[in-house]
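Which chain is which? The protein sequence lines are S and B, in order.
Each residue of the first sequence is one higher than the one before, counting from 24 in the numbering used here.
Each residue of the second sequence is one higher than the one before, counting from 3 in the numbering used here.
The hints are simulated quantities; they were obtained by calculation from the structure and are not laboratory data.
On a predicted model such as this, the values are computed, not experimentally measured, just so you know.
Heads up, the beta-carbon is just placed ideally off N, CA and C, and yes, glycines get one too.
Hints should not be assumed to be uniformly reliable.
Claimed, not checked - Below are the DSBU-like pairs computed for lysine-lysine, each with C-alpha atoms no more than 35 Å apart in a straight line: (1) B:148 - S:171; (2) B:11 - S:398; (3) S:70 - B:136; (4) B:133 - S:70; (5) S:110 - B:161; (6) B:88 - B:136; (7) S:70 - B:8; (8) B:160 - S:106; (9) S:95 - B:148; (10) B:51 - S:70; (11) B:133 - B:11; (12) B:161 - S:106; (13) S:106 - B:136; (14) B:88 - S:302; (15) S:171 - B:133; (16) S:110 - B:6; (17) B:88 - B:148; (18) B:135 - S:171; (19) B:136 - B:6.
Stated by the list, open to error - Selected chain S positions facing chain B (in silico; Cβ < 8 Å): (20) 161; (21) 211; (22) 364; (23) 386; (24) 409; (25) 412.
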Amino acid sequence: MGRTITEKIFSEHLGRNVAAGELVVLPVDVAMVQDGTGPLTVQELEKMNISRVVNPKTRILFIDHASPSPRKELSNAHIMLRKFAKKTGVVLSESGDGVCHQRLVEDFVNPGQIVVGADSHTCTGGALGAFATGMGSTDVALAFALGKTWFRTPQTMRFVLKGRLPEGSSAKDVILHVIGKISAEGASYKAMEFTGDGAEALDIESRFTIANMAIEAGGKTGLFATDGETERYLKSRGRGKEFRKIESDADAHFETTLEFDLRSIEPTVSFPHTVDNIKTAREAEAEGIGLDQVVIGTCTNGRMSDLRTAAKILKSQKVHPDVRLIVIPASREIYLDAMKEGLLKIFVESGASILAPGCGPCVGVHQGILGDGEKALSTQNRNFQGRMGNPEGFIFLSSPATAAASAIAGKIVDPRKYM
Amino acid sequence: MVLKGKVHKFGDNISTDHIAPGRLFHLRTNLPELAKHVLEDADPEFAGKVRPGDIVAGGRNFGLGSSREHAPRIIKLAGVSCVLAKSFARIFYRNAINVGLPALEVNTDEFSAGDELEIDLNKGVITDVTKGKKLAAMPMPPVMLKIIEDGGIVEHIKKHGDFAL
Numbered sequence: 024m025g026r027t028i029t030e031k032i033f034s035e036h037l038g039r040n041v042a043a044g045e046l047v048v049l050p051v052d053v054a055m056v057q058d059g060t061g062p063l064t065v066q067e068l069e070k071m072n073i074s075r076v077v078n079p080k081t082r083i084l085f086i087d088h089a090s091p092s093p094r095k096e097l098s099n100a101h102i103m104l105r106k107f108a109k110k111t112g113v114v115l116s117e118s119g120d121g122v123c124h125q126r127l128v129e130d131f132v133n134p135g136q137i138v139v140g141a142d143s144h145t146c147t148g149g150a151l152g153a154f155a156t157g158m159g160s161t162d163v164a165l166a167f168a169l170g171k172t173w174f175r176t177p178q179t180m181r182f183v184l185k186g187r188l189p190e191g192s193s194a195k196d197v198i199l200h201v202i203g204k205i206s207a208e209g210a211s212y213k214a215m216e217f218t219g220d221g222a223e224a225l226d227i228e229s230r231f232t233i234a235n236m237a238i239e240a241g242g243k244t245g246l247f248a249t250d251g252e253t254e255r256y257l258k259s260r261g262r263g264k265e266f267r268k269i270e271s272d273a274d275a276h277f278e279t280t281l282e283f284d285l286r287s288i289e290p291t292v293s294f295p296h297t298v299d300n301i302k303t304a305r306e307a308e309a310e311g312i313g314l315d316q317v318v319i320g321t322c323t324n325g326r327m328s329d330l331r332t333a334a335k336i337l338k339s340q341k342v343h344p345d346v347r348l349i350v351i352p353a354s355r356e357i358y359l360d361a362m363k364e365g366l367l368k369i370f371v372e373s374g375a376s377i378l379a380p381g382c383g384p385c386v387g388v389h390q391g392i393l394g395d396g397e398k399a400l401s402t403q404n405r406n407f408q409g410r411m412g413n414p415e416g417f418i419f420l421s422s423p424a425t426a427a428a429s430a431i432a433g434k435i436v437d438p439r440k441y442m
Numbered sequence: 003m004v005l006k007g008k009v010h011k012f013g014d015n016i017s018t019d020h021i022a023p024g025r026l027f028h029l030r031t032n033l034p035e036l037a038k039h040v041l042e043d044a045d046p047e048f049a050g051k052v053r054p055g056d057i058v059a060g061g062r063n064f065g066l067g068s069s070r071e072h073a074p075r076i077i078k079l080a081g082v083s084c085v086l087a088k089s090f091a092r093i094f095y096r097n098a099i100n101v102g103l104p105a106l107e108v109n110t111d112e113f114s115a116g117d118e119l120e121i122d123l124n125k126g127v128i129t130d131v132t133k134g135k136k137l138a139a140m141p142m143p144p145v146m147l148k149i150i151e152d153g154g155i156v157e158h159i160k161k162h163g164d165f166a167l
């Protein structure tokens with residue numbers, strides 16, 4: 024019997040064959056926390072009197088959720104992380120360096136690895152053929168201290184993507200559509216593997232967007248087989264030698280297989296307050312939903328391809344006077360690249376505010392908190408009640424194209440006539 | 003282990019943002035203070051009325067969203083003895099076990115708000131004392147029960163020197 028990507032990675036790490044359902048303790052290759060979850064990790068390690076970390080060069084603290092810090096309590100939490108990094112030699116990614124998940128794929132995650140992060144969107148790393156998953160602060164504390172953790176080997180749901188996306192639709196529309204179909208718990212505890220000629224045709228940034236949102240369907244991770252595109256990306260990051268082929272065997276056991284025809288994917292919008300509450304952008308436009316804020320960025324859609332798409336639509340246009348547009352490059356490198364390409368100029372001229380690389384308003388900590396009754400359209404991954412800092416606010420989710428077009432229109436629109 | 007308490011009911015898809023809102027991010031290093039706001043965005047009155055031993059019962063997909071372990075921690079800190087739900091989001095479930103907060107899957111429609119419940123964790127049997135009715139929950143896997151009995155994963159590691167799963 025063949026094995027899935029997850030079973031292969033787990034088997035390799037354990038040194039014997041592992042099948043879905045088995046409980047195993049495995050070594051962890053990369054582990055990270057961020058400034059929301061990290062202080063608890065540090066406190067737990069201190070409680071256990073542990074001051075040494077296993078493999079500190081692959082243990083990372085990210086300051087990205089409240090960066091730069093909006094208040095003293097958070098500044099003090101940052102001090103705690105900086106001290107811990109100095110003491111143990113773990114890597115510190117500072118305020119302004121970027122969102123953890125983007126920084127992880129840029130510099131740390133490689134195919135076949137096991138990656139755990141105290142942030143649910145750690146599943147983004149699955150786009151590089153790693154088993155990457157989100158856990159709590161204490162779990163990651165143990166991965167720091169002991170270099171390992173326990174897993175129940177998940178079943179795999181296979182998503183066969185067929186054909187090519189039509190003009191105007193992107194990876195975000197695919198994953199919103201998939202989650203709308205299977206629900207916000209449709210992949211609970213499962214590994215979600217994306218395959219088929221449609222998946223193979225997606226560039227690496229599109230794969231990041233899809234893997235990032237596996238957790239929004241309850242998935243433990245979102246996986247793509249590695250291929251020429253993965254290798255190209257790793258080479259571009261100076262890690263070409265880390266490339267290796269990793270894919271599920273043809274006769275592996277998949278718990279379920281679902282097919283999606285990418286040719287039929289339209290620009291899609293998720294309505295408040297659950298991610299699976301989707302409509303097409305066309306339907307949303309017909310409802311005439313006026314907007315107060317539009318956000319382009321976050322770990323879901325703050326990469327170069329996203330910014331290019333948005334800039335193309337916003338070029339020589341003005342953001343609607345009722346709308347505040349916020350743009351956040353996902354990392355310092357992306358910020359610089361967008362600057363070199365002139366994208367930031369386009370955004371600023373259109374009326375946008377550019378924020379430092381980081382999570383922006385997505386966690387509701389700072390920089391773009393909604394007022395009572397306000398509506399926002401964001402390229403982030405979550406629209407839970409209160410997510411943007413106010414339970415009286417309403418968050419809609421979309422692709423960068425839909426967000427950019429809607430910022431101009433002042434209401435949610437189908438982006439296709441703006442492209 | 004047998005737990006007793008009054009049940010508080012919540013609906014489907016109670017997210018970690020309902021339980022530990024992002025706008026209170028600055029309180030994450032002050033859990034007793036954060037616990038005063040537990041579940042605030044699902045029921046602003048909850049923190050004021052929860053009593054030691056009480057039980058939280060959600061609908062489907064309880065705890066979806068963030069990996070923030072603060073969510074089960076402040077539920078526990080508020081005095082809640084057990085969380086019941088039709089289904090749990092898995093990171094929340096794992097975090098609950100790790101911090102020593104029992105979590106059981108059961109059809110929570112069977113209970114009314116305010117009912118007195120008695121929960122036998124080892125057997126996975128829940129008695130609604132008010133209604134005089136017994137219900138079978140999905141029992142917690144032995145590994146998770148062991149972690150709960152040890153008082154959470156940190157105590158488990160201290161006790162056994164390693165994962166003893």
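Let me make sure I understand: some of the numbered hints might not hold for this structure. Which ones are they, in numerical order? Those not satisfied are hints 3, 4, 9, 13, 15, 16, 18, 22.
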